[in-house]
Amino acid sequence: MTLNQIIKITETVTGRKTPENIKKFLENEDYYSQSKKVYIKIGAMDLLHYINSTNKEFRELNANKNALNKLREVKNILGPIA
46 MTLNQIIKIT ETVTGRKTPE NIKKFLENED YYSQSKKVYI KIGAMDLLHY INSTNKEFRE
106 LNANKNALNK LREVKNILGP IA
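Counting with our numbering, you get residues 46 to 127 for the letters of the sequence shown.
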């Protein structure tokens with residue numbers, strides 16, 4: 046089930062309109078599918094695919110954060126270099 050389908054079901058069940066910022070987010074084409082080699086709209090993504098891709102991005106951000114922290118530690122050990 047795609048995120049767009051889930052949003053439509055949620056609107057029907059709750060009787061509430063989806064906020065515009067959520068609609069814009071779902072129509073955004075900034076997710077690159079490495080397996081398909083194309084950009085896809087986030088709203089067209091299956092829920093589980095979206096969760097997995099987001100989880101992967103968080104893991105990558107965490108790895109980058111850890112590397113940055115290590116770099117800062119080294120910089121503090123070395124001190125100012127002329």
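Everything labelled a hint here was simulated from the structure, so no lab data went into it. A couple of the hints might just be wrong.
Unchecked claim - Pairs of lysine to aspartate or glutamate, EDC-like flavour, derived with a Cα cap of 16 Å:
no., residue 1, residue 2
1, Lys86, Glu72
2, Lys86, Glu105
3, Lys53, Glu102
4, Lys82, Glu65
5, Lys81, Glu65
6, Lys53, Asp75
7, Lys86, Glu74
8, Lys68, Glu56
Cross-check of the supplied hints:
{"no.": "1", "hint": "Lys86 to Glu72", "result": "holds (6 Å)"}
{"no.": "2", "hint": "Lys86 to Glu105", "result": "violated (21 Å)"}
{"no.": "3", "hint": "Lys53 to Glu102", "result": "violated (26 Å)"}
{"no.": "4", "hint": "Lys82 to Glu65", "result": "violated (29 Å)"}
{"no.": "5", "hint": "Lys81 to Glu65", "result": "violated (28 Å)"}
{"no.": "6", "hint": "Lys53 to Asp75", "result": "violated (22 Å)"}
{"no.": "7", "hint": "Lys86 to Glu74", "result": "holds (4 Å)"}
{"no.": "8", "hint": "Lys68 to Glu56", "result": "holds (12 Å)"}
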